[in-house]
Structures are given as structure tokens and as C-alpha cells.
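Read top to bottom, the protein sequences are chains E and Y. Heads up, the first sequence is in numbering that gives the first Met the number 0, so the first residue is 0 and it goes up one at a time. Heads up, the second sequence is in numbering that gives the first Met the number 0, so the first residue is 0 and it goes up one at a time.
Rather than coming from a laboratory, the hints here were simulated on the basis of the structure. In this text the structure is predicted, and so the values were computed from the model without any measurement. You may find that some hints are simply not true.
If chains are identical, the list can't say which one is meant, so a pair holds when it fits in one copy or spans any two.
No more than 25 Å apart at the CA atoms, straight line, and that leaves these computed lysine to any residue pairs for SDA-like [unchecked claim]:
| no. | residue 1 | residue 2 |
| --- | --- | --- |
| 1 | 43 | 256 |
| 2 | 19 | 225 |
| 3 | 19 | 56 |
| 4 | 280 | 95 |
| 5 | 116 | 224 |
| 6 | 19 | 258 |
| 7 | 234 | 194 |
Number of protein chains: 2
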Amino acid sequence: MAIETASANRSHGGVQGVYKHASAATGTEMTFSVFVPDHAEGAKLPVLWYLSGLTCTHANVTEKGEFRAACAEHGVIFVAPDTSPRGEGVPDDAEGAYDFGLGAGFYVDATEQPWAKHYRMRSYIEQELPALIAAEFPMADMGRQGITGHSMGGHGALTIALRNPGRFASVSAFAPIVAPSQVPWGQKALPLYLGGDRAAWREYDSVALIEDGARLPGLLVDQGAADNFLEGQLKPELLAAACKAAGIPLTLRIRPGYDHSYYFISSFMADHVAWHAERLKA
Amino acid sequence: MAIETASANRSHGGVQGVYKHASAATGTEMTFSVFVPDHAEGAKLPVLWYLSGLTCTHANVTEKGEFRAACAEHGVIFVAPDTSPRGEGVPDDAEGAYDFGLGAGFYVDATEQPWAKHYRMRSYIEQELPALIAAEFPMADMGRQGITGHSMGGHGALTIALRNPGRFASVSAFAPIVAPSQVPWGQKALPLYLGGDRAAWREYDSVALIEDGARLPGLLVDQGAADNFLEGQLKPELLAAACKAAGIPLTLRIRPGYDHSYYFISSFMADHVAWHAERLKA
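Assemble the whole structure, with the sequences as input and the hints as a guide.
Right under this line is the structure:
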């Protein structure tokens with residue numbers, strides 16, 4: 000494994016880097032960003048994963064997420080991967096729609112053609128990238144990991160945490176897709192990536208995973224009340240019901256006036272970083 | 000006067016708006032952004048102007064500047080104008096260079112053709128836009144204004160404050176161009192906009208304005224030590240010498256490792272907002 004540094008900028012006392020590498024999981028070059036706060040020589044810092052939403056790359060949160068001040072304050076490494084494979088030979092939605100294909104990997108390992116060859120974001124985020132971070136960032140304490148994400152990336156964060164019990168000491172999300180099997184975004188993407196058997200969708204559906212017995216140590220969710228996707232695609236009430244039935248402690252904060260944009264995410268990012276940091280203390 | 004709301008997003012408890020209007024000064028449509036923090040009905044809030052650098056529009060700082068948390072904390076309105084006229088009929092650099100023409104208005108009222116018709120950013124920022132803000136944002140206390148900016152916008156902030164004594168209770172800059180007459184950026188732009196008579200350049204040159212007797216109440220400047228433009232274009236030592244000779248209290252902070260990007264600006268934005276807020280208290 001080897002990574003190439005695309006850029007490295009001093010920021011908030013630390014270094015905001017953007018890196019590229021040849022991914023075995025996706026068979027493509029992949030780009031991700033890592034913020035490493037200032038730290039003592041030899042110190043080990045907890046790692047907070049942030050998975051992005053539809054249409055995004057690593058760049059959106061890296062530029063607009065306003066996480067660095069809080070990560071510097073709390074001594075937390077922030078890792079932001081891309082949302083799909085990209086590049087020559089990677090198929091896209093036939094009409095170039097924003098909600099399937101490029102920028103819309105839904106954090107699945109696709110089983111259907113032509114997607115199965117490259118669209119393996121589950122393996123990439125669950126296995127390959129953590130190993131790469133552990134190898135290339137010696138200050139990263141992989142024994143202390145948290146995960147969060149926005150919209151499709153909230154779906155990714157929740158499903159990955161639910162499928163990997165014990166890996167993440169803290170889990171949160173901004174406006175997550177909580178039950179893709181029950182909403183149009185998922186009902187388009189899941190059959191294309193995974194086929195028509197709805198049983199195969201359940202490990203990529205947070206509400207279904209909880210119904211099937213998966214658990215989280217706790218969960219913080221912020222959701223804008225003026226989010227255009229709230230009623231049609233996000234349905235936090237389904238998550239609340241599933242968590243209640245399963246006894247998962249959920250803090251769900253509905254934020255009046257806030258929409259689905261980075262203006263919303265950045266408003267509560269420092270809260271989320273502090274919440275994770277508290278749970279990731281050495 | 001009338002403005003059109005291009006977008007309005009709830010953020011950090013306030014509203015981040017982007018607005019368009021027909022400018023009499025430039026003869027074009029102009030776009031600017033305003034963040035208004037949450038405030039009590041009838042309250043009047045101080046106004047902090049932020050002038051952007053080469054290639055930027057209002058959008059760069061609005062997306063990447065990380066000013067909203069601090070402006071919300073201190074109750075400060077943040078106004079970010081564009082850096083040049085734009086649109087049909089507005090001439091640009093013949094080769095489309097980044098450092099002249101579109102995105103590079105240098106906050107001058109051009110006197111030379113073909114620039115003189117539209118490139119009137121001095122009148123726009125000094126006269127027209129403040130009147131528009133006063134008319135359209137009733138919570139803006141135009142008796143309490145501060146100004147800051149980055150690079151070419153630092154040049155704009157300093158020269159506008161120097162030419163308008165008493166208007167700004169607080170003045171700061173990030174990596175400003177302090178003496179355009181003495182560096183390549185200015186030596187290209189000033190003769191094209193203003194003609195070859197260097198005497199005409201002096202009111203658009205902070206060091207020259209200070210030499211000619213203009214004063215500031217005080218000045219905060221942050222400058223990255225790893226800024227590629229430090230030695231060739233920015234030369235903060237010229238500002239330091241002029242301020243020292245004139246008795247202007249200057250706090251100049253050279254920041255090891257920081258470059259010219261928004262990763263630098265955003266790192267010290269909260270400091271600057273707090274510094275302005277302290278001086279803009281009711």
C-alpha cells in the first residue's frame with residue numbers, strides 16, 4: 000500500500016491533507032482527506048470517520064464542514080473518503096442522475112453487473128481504508144474510532160457501525176437516510192446494486208439491521224426541520240421507532256429552519272466532534 | 000434600490016443570505032453575501048466587511064471562511080462583496096489572466112478605457128453597497144463598522160479604511176497586498192486601471208497613503224510564513240515600517256507553516272471576528 004499526497008495545508012494548528020491511492024477494493028484510484036491536529040511526538044489520537052452524501056467527494060466537507068477548529072481543540076483525527084469509485088471504466092447512471100452511480104455508491108458492495116466490479120464502497124470503507132490509515136498515519140489510534148456522516152453518508156455511518164459491533168465507540172449522523180428500503184433513493188439504488196431480492200438489502204438498511212438484532216452503543220442525530228428530503232427520503236421517525244424498540248439510546252434533535260446543506264452540517268459539526276471526543280477519550 | 004434574494008440558509012442560529020442587485024456604480028448586476036446572526040427584535044448589530052482576494056467571488060469566504068460561529072457568538076453581521084463587475088459587456092484581461100480584469104478589480108475606480116465604464120469597485124464598496132445594506136438590513140448598525148480582507152481584499156480593506164477616517168472602528172487583514180505600487184500584481188493592474196502617472200496610484204496603495212498622512216486607529220494583520228506570495232507580492236515589512244513611522248499601532252503575526260489559502264484564513268478568522276467585535280461594542 001502506498002499513498003500519494005495531493006495537497007497538505009497547515010490549518011488550525013494541524014495539517015489538512017488530501018491523499019490518493021490505488022484501491023484494491025474498487026479497482027480505481029481513490030481520493031480521501033485527513034486532518035491531523037497538532038499533537039505531541041508519539042501521541043495517539045482517536046479517529047473520526049465522516050461519510051459524505053449524494054454528489055459529494057471528500058472535498059465538500061473538507062472545505063465547508065468547519066470541523067477543524069473542534070478537531071484541533073479535542074485532538075481528533077478526521078477522515079473523509081469519497082462517495083463512489085471514479086475514473087475511466089467506472090459505469091455511471093445511464094442518465095447521469097445525481098442519486099445513482101458516480102457520487103452515489105451508497106456504501107454497498109454491489110453484486111449486480113455492471114456495478115459489481117468497481118462499486119465496492121463497503122469493503123473500501125470497512126476494510127481497505129482503515130488498514131491504509133493505520134499503516135500511513137502512525138498517530139491514528141485505531142482502537143478509538145468514531146463514525147458520522149451526512150444523508151447517504153449518515154446511512155453509511157449507521158450501517159457500517161451496526162454491522163461492526165465494538166469497532167466504533169461513538170456513532171452520529173446528520174440527516175441520515177435511515178431506511179433506504181422504504182424510500183425512493185434506496186428503492187432506486189439498492190435493486191440496481193444488489194438485485195431484486197429485498198432480503199439482500201437488509202444489511203444496508205439501518206432500520207432493518209436494528210430489527211434484525213444489530214445494536215449501537217448510542218446515537219446522536221441532528222436533522223433540519225426545513226430539509227426538503229425530510230418527509231420523502233429521510234424519515235427519522237422510523238429510526239426513532241426502531242431504536243426505541245431495540246433499547247438503543249438515541250438523541251434525535253430536530254432543528255427548526257435548517258435545511259439539508261453544509262450550512263446545516265457546519266452549524267452542528269462542533270457539537271458532534273465534541274460528542275465523539277467525549278466518548279473516544281483515552 | 001432593490002435586492003433579490005438568491006439564497007437564504009439557516010446557519011449557526013442566523014441566516015446566511017446571498018443577494019443580487021443592479022449596481023449603479025458598476026453598471027452591472029452584482030452579487031454579495033450577508034450573514035445576520037440571531038438577534039433580538041429591534042436590536043442593532045455591528046457590521047464587519049470582508050473583501051476577497053484575486054479570483055474570488057462572494058462565495059469563497061461564504062463557503063470556506065468559517066466566520067459564522069464567531070459572528071453568531073459576538074453578534075456581528077458579516078458582508079462579503081464580489082471582487083469585480085461581471086457579466087455581458089464587462090471587459091476582461093486579454094489573456095484571461097487571474098490577476099487582472101474579472102475577479103481582480105483591485106477596489107479601484109478605473110479611469111482608463113476600456114475599464115472605466117464598469118470597473119468602479121471603489122465607489123461600489125465605499126458608497127453604493129453600504130447605502131444598500133443600510134436600506135435593506137434594518138438590524139445593521141452602520142455607526143459601528145469594521146473591515147477586513149484577504150490579499151487583494153486586504154489591500155482593499157486597508158486603503159478604504161485609510162481613505163475614510165472615522166468610518167471603521169476596527170481594521171484587520173489576512174496576508175494583504177500592502178504596497179501594490181511596489182510589487183508585480185499592482186504594477187500590472189494599476190497602470191491599466193489608472194494610467195501611467197504613479198501619483199494617481201497612491202490613493203490605492205496603503206503604504207503610500209500612510210506616507211501621505213492617512214491614519215488608522217490600529218491594525219491587526221495575520222500573514223502565513225509559508226505563503227508563496229510573501230516575498231514577491233505581499234511584503235508586510237513595508238507596512239510595518241510605514242506604521243512604525245506613522246505611529247499606527249500594528250499587530251503583525253507571522254504564522255509559521257501557513258500558506259495563502261482559506262485553510263490559513265479560516266484558522267484565524269475567529270480571532271479576527273473577536274478582535275473586531277471587541278472594538279465594535281455598542
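Results of checking the hints against the structure:
| no. | hint | result |
| --- | --- | --- |
| 1 | 43 x 256 | between (39 Å within a copy, 22 Å between copies) |
| 2 | 19 x 225 | between (36 Å within a copy, 24 Å between copies) |
| 3 | 19 x 56 | within (13 Å within a copy, 29 Å between copies) |
| 4 | 280 x 95 | neither (43 Å within a copy, 52 Å between copies) |
| 5 | 116 x 224 | neither (38 Å within a copy, 46 Å between copies) |
| 6 | 19 x 258 | between (32 Å within a copy, 22 Å between copies) |
| 7 | 234 x 194 | within (24 Å within a copy, 62 Å between copies) |
When each numbered hint is compared with the structure, violations occur for hints 4 and 5.
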